[in-house]
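Using the sequences and the hints, build the whole thing.
Listed below are the residues making up each chain.
Number of protein chains: 2
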Amino acid sequence: MKAYKDLSKEELQALQRELQEKFAKIKEEGISLDMSRGKPGSDQLDLSLPMLDVLNSESAFKGVQGMDLRNYGILEGITEIRELFSELMEAPVDHVLVYGNSSLNVMYDLIAKAMIHGIGGNTPWCKLDKVKFLCPVPGYDRHFAITESFGIEMIAIPMDENGPDMDLVEQYVNNDAAVKGIWNIPKYSNPSGVVYSDEVVRRFANLKPAAPDFRIFWDNAYAVHHVYVENKAQILNIVEECEKAGNPDMYYELCSTSKITFPGSGVAALITSPANIAEIKKSMTVQTIGHDKLNQMRHVKFFGNADGVHAHMEKHAAILRPKFEAVLNTLEQELGGLEIGSWLKPLGGYFVAFDTLEGCAKRVVALCKEAGVVMTPAGSTYPYMNDPKDTSIRIAPTLPASEELKKACEVFVLCVKLASVEKLLEA
Amino acid sequence: MKAYKDLSKEELQALQRELQEKFAKIKEEGISLDMSRGKPGSDQLDLSLPMLDVLNSESAFKGVQGMDLRNYGILEGITEIRELFSELMEAPVDHVLVYGNSSLNVMYDLIAKAMIHGIGGNTPWCKLDKVKFLCPVPGYDRHFAITESFGIEMIAIPMDENGPDMDLVEQYVNNDAAVKGIWNIPKYSNPSGVVYSDEVVRRFANLKPAAPDFRIFWDNAYAVHHVYVENKAQILNIVEECEKAGNPDMYYELCSTSKITFPGSGVAALITSPANIAEIKKSMTVQTIGHDKLNQMRHVKFFGNADGVHAHMEKHAAILRPKFEAVLNTLEQELGGLEIGSWLKPLGGYFVAFDTLEGCAKRVVALCKEAGVVMTPAGSTYPYMNDPKDTSIRIAPTLPASEELKKACEVFVLCVKLASVEKLLEA
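Chains as they are written, first to last, in the working numbering: chain A, 1 to 427; chain B, 1001 to 1427.
Take these hints with a grain of salt, some might be off.
Ranges between beta-carbon positions, derived for each pair [claimed, not checked]: (1) A:336 / B:1275: 49 to 55 Å; (2) A:342 / B:1087: 31 to 37 Å; (3) B:1092 / A:336: 54 to 60 Å; (4) A:153 / B:1281: 22 to 28 Å; (5) A:121 / B:1345: 31 to 37 Å; (6) A:406 / B:1245: 58 to 64 Å; (7) A:53 / B:1165: 50 to 56 Å; (8) B:1064 / A:406: 27 to 33 Å; (9) A:342 / B:1151: 48 to 54 Å; (10) A:153 / B:1285: 19 to 25 Å; (11) B:1151 / A:305: 42 to 48 Å; (12) A:120 / B:1129: 21 to 27 Å.
Source of the hints: derived by calculation from the structure; they are not laboratory data.
Quantities reported herein were computed from a predicted structural model and do not represent experimental measurements.
Positions of the beta carbon are idealized from the N, C-alpha and C atoms, including for glycine.
So this is what it looks like as structure tokens:
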């Protein structure tokens, strides 16, 4: 297949007519498909159904702490679930604080606390003229929405296949005391699938922040969310690396079972130093009497231990793999060699990141919509929805059933071709 | 029985020796009882056990909105649970926003939002020199802990058997723009059991706040928590009254199933105007993808409708009534006529408020502790733990089993007598 850039104007025009005809036909089909959000498919949700049977009216409700789990109390989460997260995330139990159903909510809350109460006795962020966060791109739109909602200035940091540009990260963090945080999804990053290299993690742990209340937000959302179980990615442990580097309080690591059991009915956890946990619990005790201990116990009884989670995640992978391959095969077969787009092949997570020719992402998403396929809005992977080159598109292959997904990919590559031809003809 | 104040010094001294002997004997028993927190007893929790069976691996998970309740989404709560709260709280469905497991957390969050984002386009409270809240006393320690944690100045407002002193409330709210809110538990108030009179509710609804972002926090925590089912208290509906008065956005009404089903595993709701809900949802959508919809559906399937809740609450009342009567009978039998304490007889809620002679509450609680009975710390029912006359004690009779409760009450009245004699001998 010839690269589009090498086609003559006449060839491009002929191609455009052909693509437009195909597009018109697809529109007539009146399809309605969604590749916009990282939601598990219903077959994945079925995997966790037995969890709904492990607690019932015949159960015992005393945990190892001797308290009735149906009643108030146990702010930090029941010991059993803290031990499960501890084993799963390879962090000491005293580094684990268990929350409600949403790690996004934990991150929002950590920033809200920093805004109102400050971190470690430093000035509350709401009293400062300027607070900045670094945002590796492409990244997760809901991270950026949180920082934007608090009026925090966001600075985009480019990523490559090893993680963020650490020269730039060090330059900002180590010199500018207004830089208070950085968003990261270190493993199977949303949306690129990038796995942070050991060097990147070590450089993170060895930052020398100008701000004493600088925190690495380490959203390990896909810690065990492999797609290829024979080729599981490993990253260095941020807890250990920060301790080794003499920065034991510098990170907040987040995780949840949202995409392990049920999104909305999972359990979220924060992994951080005992000093940070002590500080957070001080305001948490004002905020709530405790989270849902029955749901915590439901998870413990269902999984037993970390091995139980890993075995469960292999079942998820078996469902996800064909979906990822359907997307990747279509991209390769339909776009390979055309030089109108690039993508990485993720080993885990929930997304495929696709880069169009410059100035084409918005148009591709608009065309998809016209043809009945909802994509994440172009720009979503950048702070302020501002993708300066308009190239970044996030593909979420998990929710549609296989046949629908194939159809949606077919529409997507057609729209990429169409938008690319339009762009090249403009030039 | 002769009032203590009418006893001679010698009589008091003789009485003191007698009480001290009894106290010494009780201490030897080495008891360990808790009347400190409003926690349901385990027999009450058993009432809701069948709720754990209504959702299981065989269930259907499509709600009326057609979405899979196991997946992400439905920020405002599933329609079915919003309808249940709507019926129960007698408010239109579009006035109902359903949250996670804790109404305390909703209140915290409403104030946090006001601090950071402001209400209705007004200046965020964190940017103001001074923010004040009115705190009817005796009141709920966790309310006061929230406002204190945000640095909000708290002003105590005395209550009588009809509710807060409304002359004082009007004077503050209608004249001081720094007064941004007032805490209320309008029905079976914590701790006094007071039920707000119709006049009090109407005067609340007809406030003319100096601050446009003033809000009534209407914590209707005990809306259906009757102790005497043949004598259920009714209060006017704050939604309707505020609408009638032309103040449709002035209130946030809170409720939860924490003391209906399982504390920690219940469902909380906010009742407020559609305009307020629209504003809150704007930041909520940044904060979380949604709350636990499976637990919402569990509640819906268990109760069916508001009648189901009311029938369930009659079973709670049957358990609570003997406990309340044990406390009230002991108080009456042991302290009646002695003029060393006063109390109201609550018709619902979770507490009995007891007033000692001036300057005795701390001493009574300390003596109880010495004898092995944990009471809520004296002062807890006042902002800043500052009960200026040191008279207010909260008795929580629900958690101990009946025999334990009788023992705890016996200790309590003995300590009241002992502290009162000490006080009278000092004079």
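key: Numbers of unmet hints, in rising order   = The structure breaks hints 2, 5; every other hint is satisfied.
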